[in-house]
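K.L.:
Chains as they are written, first to last, in this note's numbering: chain Z, 1 to 159; chain R, 1 to 388.
If you are wondering where the hints come from, they were derived from the structure by calculation, not from laboratory data. The beta-carbon is built from N, C-alpha and C at its ideal position, and this holds for glycine as well.
With the C-beta cut set under 8 Å, the calculated list includes, among others, these residues of chain R facing chain Z: (1) L31; (2) D34; (3) I35; (4) P40.
When the alpha-carbon atoms are kept at most 27 Å apart in a straight line, the in silico DSS-like pairs for lysine-lysine are as follows: (5) K113(Z) with K55(R); (6) K338(R) with K77(Z); (7) K93(Z) with K52(R); (8) K42(R) with K144(Z); (9) K144(Z) with K147(R); (10) K93(Z) with K23(Z); (11) K338(R) with K68(Z); (12) K52(R) with K122(Z); (13) K129(Z) with K52(R); (14) K42(R) with K117(Z); (15) K117(Z) with K52(R); (16) K129(Z) with K55(R).
Where chain R lies over chain Z, by a calculated footprint (3+ residues, C-beta under 8 Å): (17) 93-107; (18) 135-143; (19) 147-158.
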Amino acid sequence: MAEKASESSNSISLNTVDGKIFKVSPTIANQMQTIQSLIKAYDSSRVISLPHVNAFHLSKIIEYLEGKSATTVSAVKEFEAQFMKDLSLKQLKGLLIAVGYLKVNELLELMPKTVAKLIENKSVEFLRKFFGIVNDFTPSEEAKIREEIAWAFDGVDED
Amino acid sequence: MSVTVETSDSKKRRFDAPPSPVEIAAIPYDLIIDILSRIPVKSLLRFKCVCKSWKTLISDTQFAKFHFQRSITDSTFTHHRLMPQACFLRDDIVSCSVESLLNDYDVIPESLGYPLHPHYDVVGYRNGLCCLMYNREKVRLWNPCTKLVSPESPSLFNRDGPNRKTVFGFGYDESSNTYKVVSFFVDHYGKSLGSVFSFGSENCNWRQVHGFPDVTPEWGKSGECARGTLNWLAKAPLPGGMRNDKYYVIVSFDLGNETCREFLLPHDIDRSCSVGTTFGVLRDCLCVSQNYELTNFIVWQMMEHGVKESWTRLLNISYVDLGLKVYAFLEPLCMSEKGDILMNTNIEECKVVLYNPGDNRLERHKIFSKKSWFRSKIYVESLVSPPC
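With the rest of the complex left out, here is chain Z (with noise of 0.2 Å):
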């Protein structure tokens, strides 16, 4: 799937943070944001490269780009619940930073509403961890935030 692309002679190339090229028609290119308007900047036969984009992302948004066809509200609710499925939370991370990166704004609804409801019970430890922020909190600030909304902790999910 991956190498998967159209032969035509305009298709774009990307290069991947890993090293892989993918060939891309410009339709499909065209719904990244961020390679639109690198297309204009490059000459055509240049190869791009997307830093913070891996080929696993890179595969992904394009199986996206080129499924989504359905025409019903169930059939695109589906396809997408089917596009999400067993993805795990890192790869859910990398996948969103890699969308947000390209800018596809065909994904800029689904993936932050996918990755809200996933954490959404979780940990403020947990919470940190996945968006790698670190607590500049001393110990007796956090304690006082915890103590006013005690009740909020109630709950919450294992890690």
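Place chain R on chain Z using the hints.
P.N.:
This is chain R only, laid out in the frame that chain Z set:
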């Protein structure tokens, strides 16, 4: 040619240089805001502990507005809840999830941990705030999700003290960013009196407002909020009729310019006050419904606020087809994306039913609660703070 971009750590980097994997790091801040704007209030309060910048973001009033806009327009109704319409609270308020009701699960209501004196009454809900009233004279705002409460208003003094026949309404005026409570009653001489209390204003008192028509509001139900107005069903004297001949009109108070208008009900409704007529709001449009000639339940919607020609029949349900008793009471609450309508009711043991217009089918819901359950209102959870 080389192209440079701003990376998350603000250093310029050449595109052609392959970045080391270590640099693949943070989720951009705008995506974090987007994710957090979809998270329930209770979890967001917990996430204030993540770090200082998250605490600042989650406490920000602009973020609260953004989050609420997301919540209220969410087609899955994840942040919508059913709350009591008006009741003496006794010791607690219970509420239940609209999403569960729409997806046809049996629903067990949750307690909201009501913090105040038990003898408050609910006036209404707006932007995630609940307006509570004590002894029909003092009001305050409460956010059930954050558990914050505003100070109590001064007393609404009438000549005769608190008046049983006064109706109230709670709404939000966007133009002045102000929450207002409006009281409206008709005295012994048939003159109407209106007062407004604005939360957080400098002049912290009830102000009299003029221009309410001399009609008698239907007692016992708070004003309905739609398109920046508060609306009540009221009885007006029938022109040329006997003294007791009355017909229903809608009194509409504009929360921005504080003026009043009177609307006629649909031309094909029975406007006389002998027929059971209910009044509500669906998708920000006024609705009236009536048990029509004892055979059908009809709902009309005012598509364009204040334009009487825009009344449109939204629903026409045959009592016979659904096997309902003719005095069954139905009151639309909200409409799902698919067009299913959640309604208050009194049929059998149900408190709410879900009506599917396509199949002409009623799904009965049982709400399992030890606490008494009253007529419901839709409430949307928010981070909005009650004004000081």
